[in-house]
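Given only the sequences and the hints, what does the whole structure look like? Please build it.
Number of protein chains: 2
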Amino acid sequence: MSKSSETRPLGVALAGFGTVGSGLGRLLVENADIIRRRTGRDVAVRAVLVRDAHKAREVPLPPGAVLTTDPARLVNDPGIDVLVELMGGIDAARGIISAALEHGKHVVTANKALLAEDGLALFRLARRKRRILRYEASVAGAIPVVQALKESLVGNRIESLMGILNGTSNYILSEMTSSGVEFGEALRQAQELGFAEADPTLDIDGHDAAHKLVLLIRLAWGVDYPYAALAVRGIRGMAALDIRFAREFGYRIKLIGQARLAAGGTGAAGDAPLRLEAGVFPALVHHTFLLARVGGAYNALRVDANAAGPLFFHGRGAGSLPTAGAVLADLMAVAREERPNNTGFAESELERAAIVPPEDWRSPYYVRVMVEDTPGVLRDISGCMAAEGISVAQMIQKAGDGTSGVPLVFMTHETTARAMSGALGRAADAGLLREPAVYYRVL
Amino acid sequence: MSKSSETRPLGVALAGFGTVGSGLGRLLVENADIIRRRTGRDVAVRAVLVRDAHKAREVPLPPGAVLTTDPARLVNDPGIDVLVELMGGIDAARGIISAALEHGKHVVTANKALLAEDGLALFRLARRKRRILRYEASVAGAIPVVQALKESLVGNRIESLMGILNGTSNYILSEMTSSGVEFGEALRQAQELGFAEADPTLDIDGHDAAHKLVLLIRLAWGVDYPYAALAVRGIRGMAALDIRFAREFGYRIKLIGQARLAAGGTGAAGDAPLRLEAGVFPALVHHTFLLARVGGAYNALRVDANAAGPLFFHGRGAGSLPTAGAVLADLMAVAREERPNNTGFAESELERAAIVPPEDWRSPYYVRVMVEDTPGVLRDISGCMAAEGISVAQMIQKAGDGTSGVPLVFMTHETTARAMSGALGRAADAGLLREPAVYYRVL
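Which chain is which? The protein sequence lines are A and B, in order. Per the working numbering: the first sequence = residues 1 to 443. Per the working numbering: the second sequence = residues 1 to 443.
Derived from the structure by calculation, the hints contain no laboratory data. Incorrect hints may have been included.
The list cannot tell twin chains apart, which means a pair is met if one copy fits it or any two copies do.
Claimed, not checked - The calculated lysine to aspartate or glutamate pairs, modelled on EDC-like cross-linking and capped at a C-alpha distance of 20 Å, are:
#1 Lys129 x Glu182
#2 Lys398 x Asp242
#3 Lys129 x Glu337
#4 Lys55 x Glu30
The structure is reproduced here in structure tokens:
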């Protein structure tokens with residue numbers, strides 16, 4: 001893109017306007033100021049491709065966008081710089097992505113199935129046409145794992161990837177673990193709450209996690225691990241009994257996507273060529289591992305790398321706004337078109353922040369005071385708190401050791417640092433404190 | 001950089017050759033193949049600047065590098081494209097970074113103190129000279145938080161940052177928590193083990209975490225929060241007593257760097273201009289939070305953002321190779337010079353991965369079999385395992401409910417899936433199993 005083109009908005013065509021597409025439309029409005037500050041440009045949706053132009057829609061189209069059912073309308077429009085593909089499925093999505101690249105458009109997609117099963121041809125086409133093809137939202141939703149592997153960890157030899165990549169399965173296993181219900185009941189609950197599809201096959205049989213794992217393997221090692229060659233086992237029919245037994249050993253059961261270098265196949269100088277062990281399967285994870293702590297519909301990825309050591313990423317793996325935020329980051333990368341981007345902001349100079357004085361910080365507090373063990377001391381200290389409007393949530397009183405008095409420990413509701421130091425000042429002035437009070441914020 | 005320049009190595013000057021510099025030297029050799037595959041270029045260290053050229057060094061210089069004590073030697077060499085500043089400190093580092101930018105070199109640095117206290121002038125200079133100034137290693141070591149805020153989360157309005165940004169303090173607090181020792185003793189142990197400096201002021205009084213927080217605030221909100229204006233409180237002299245009391249309420253005490261939008265100051269359209277509440281302080285963190293689980297010398301960052309929701313990043317915050325890996329990623333970003341980078345590899349076509357067949361996967365296993373409650377059944381099942389070379393680490397036998405037999409649950413040492421299915425096949429053939437066996441890998 002030439003310099004002058006940067007002042008005009010980035011023209012976007014949206015293929016698909018479901019959960020993620022409408023989330024993107026919302027973010028483009030709500031975060032318009034941030035987009036402009038970060039990239040120096042606006043992002044304008046010119047056209048939205050849908051199957052049925054007459055269907056009633058709850059979410060308004062992005063301002064200025066036209067609705068169309070004709071893919072050719074998108075790829076022939078010279079005002080469109082990027083196609084965002086959010087239709088899902090394989091054939092139609094491949095068709096429109098290919099056509100967009102052929103017509104010199106960049107592409108942003110969240111389509112893990114297409115990229116896993118048929119991505120190599122699309123990467124080849126993008127390379128030939130020198131176009132950008134980005135897909136952060138296709139793996140682990142809001143968690144920037146594509147970027148981490150593609151850019152942040154490039155100086156590392158990746159040793160293994162281990163992830164919770166399917167939120168539906170993780171939700172079901174979390175429910176089976178916390179409430180002891182059997183698989184069928186947990187699946188039914190997940191379907192009622194919208195965490196599982198009416199046909200949950202892709203999720204609970206491991207295929208969705210497997211699609212994501214194929215993409216991660218490409219990013220980590222730069223090799224193609226054919227989706228069809230991946231060993232995949234899901235969680236369908238798992239027994240609550242085994243979750244209970246696993247707990248007795250100190251483990252949780254999680255659906256894991258894992259890929260790691262096989263012994264004697266690291267590809268390093270002097271070793272055998274790179275060989276991978278990869279698959280999706282339910283596994284026991286020791287409760288002290290961060291991966292065991294991933295609950296509900298969250299996703300997480302652990303990466304082990306020869307320089308970084310172990311890294312752990314955790315966040316929302318799906319949902320309208322989390323996924324749309326990842327799509328938007330890809331769009332903004334295209335809008336920036338990769339020039340020095342040192343601060344992450346396009347403005348010439350950083351403004352000074354407006355600062356909240358520490359005494360106005362709001363927070364619950366932990367407070368320990370050492371007092372005489374006399375009648376009324378608790379009333380007096382509490383009075384100091386109340387005089388500053390501080391409300392106590394929990395309190396512990398301990399027997400003292402006779403030298404420095406009795407410890408009183410309070411957990412307060414949210415208050416300000418000013419109120420807290422005011423209350424403790426009152427207590428000190430009243431001669432109630434045997435030692436200076438100790439207090440910490442509670443997160 | 002013109003196209004032809006990409007085939008020649010990226011010329012690097014290294015200022016400082018201590019822990020991180022020598023780690024970088026090691027990675028440039030060990031991961032040379034990866035660097036070439038990822039960027040299409042080699043990275044060559046041309047010169048290393050040190051204070052004393054005659055000091056004995058344990059680590060060899062990078063191949064082809066000359067040792068020098070003259071900063072001018074670095075910035076005047078047309079074969080040097082990038083200066084990597086790893087000297088630390090303020091004045092000399094600022095001098096050489098400024099000179100390098102003035103002479104048209106890109107800069108990579110890990111110097112959080114310099115960037116926090118005096119970074120705006122350097123960013124201004126880099127912008128004027130159109131040079132890249134990267135600093136991933138300056139915050140949270142191996143964890144790619146700079147990249148996440150600068151590129152992955154750009155479509156989000158950041159609501160808050162909350163991090164464990166100083167490994168020394170976290171190590172001391174972890175020791176006080178796990179072994180109940182007082183602060184002075186924990187500090188002494190940390191110093192003996194090399195987790196704390198002889199003069200620990202920067203770490204335990206919160207200044208190091210504060211430097212990092214200033215950088216994170218700039219990246220998240222694009223504003224300058226002057227280091228001198230930041231409220232900073234460290235962990236010096238913290239009482240083991242308070243750590244114990246906090247535990248009774250279900251909390252851990254952590255040194256936290258936090259910045260968040262003040263109420264009525266989000267900067268969003270229709271709201272008051274952006275106002276920040278920011279500081280470094282010890283705080284109670286509920287044990288169910290992932291931040292409470294960050295142990296030893298690890299770092300972590302939680303980001304809350306309006307599209308992504310909560311994100312959590314965890315990894316090594318310091319150390320030779322973890323930090324050097326982050327420096328190397330910055331160098332490789334310069335080497336790539338930001339063109340379409342879809343797969344993260346420069347090669348034209350991905351090779352097919354060499355694949356370990358699932359039956360050869362090595363792992364410990366959890367196995368549950370339902371058997372008749374008869375004498376010798378445990379011996380028989382164990383015999384099937386032993387015949388396949390499987391060694392049992394733990395075993396539980398439960399009373400059965402009389403219908404489907406008695407459950408025997410094994411945790412094995414590492415073995416292969418082939419051996420496991422072999423053993424279970426033997427058990428089935430011998431008529432020992434009342435139901436198909438259930439087995440899962442143990443991570």
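(message) Cα distance capped at 20 Å. Does Lys129 pair with Glu337 within a copy, between copies, both, or neither?
(response) Both: 16 Å inside a chain and 19 Å across chains, each within 20 Å.
(message) As a check of your reading, is Lys55 near Glu30 (CA-CA no more than 20 Å) within one copy, between copies, both or neither?
(response) Answer is neither; intra-copy 25 Å and inter-copy 58 Å both fail.
(request) At 20 Å max between alpha carbons, let me know whether Lys398 reaches Asp242 within a copy, between copies, both or neither. (result) Only across copies: Lys398 and Asp242 sit 12 Å apart there, 43 Å inside one copy, limit 20 Å.
(request) Classify it for me, Lys129 with Glu182: is the Cα-Cα distance of at most 20 Å met within a copy, between copies, both or neither? (result) This pair counts as neither: shortest intra-copy Cα distance 52 Å, inter-copy 64 Å.
In summary, the numbered hints that this structure violates are 1 and 4.
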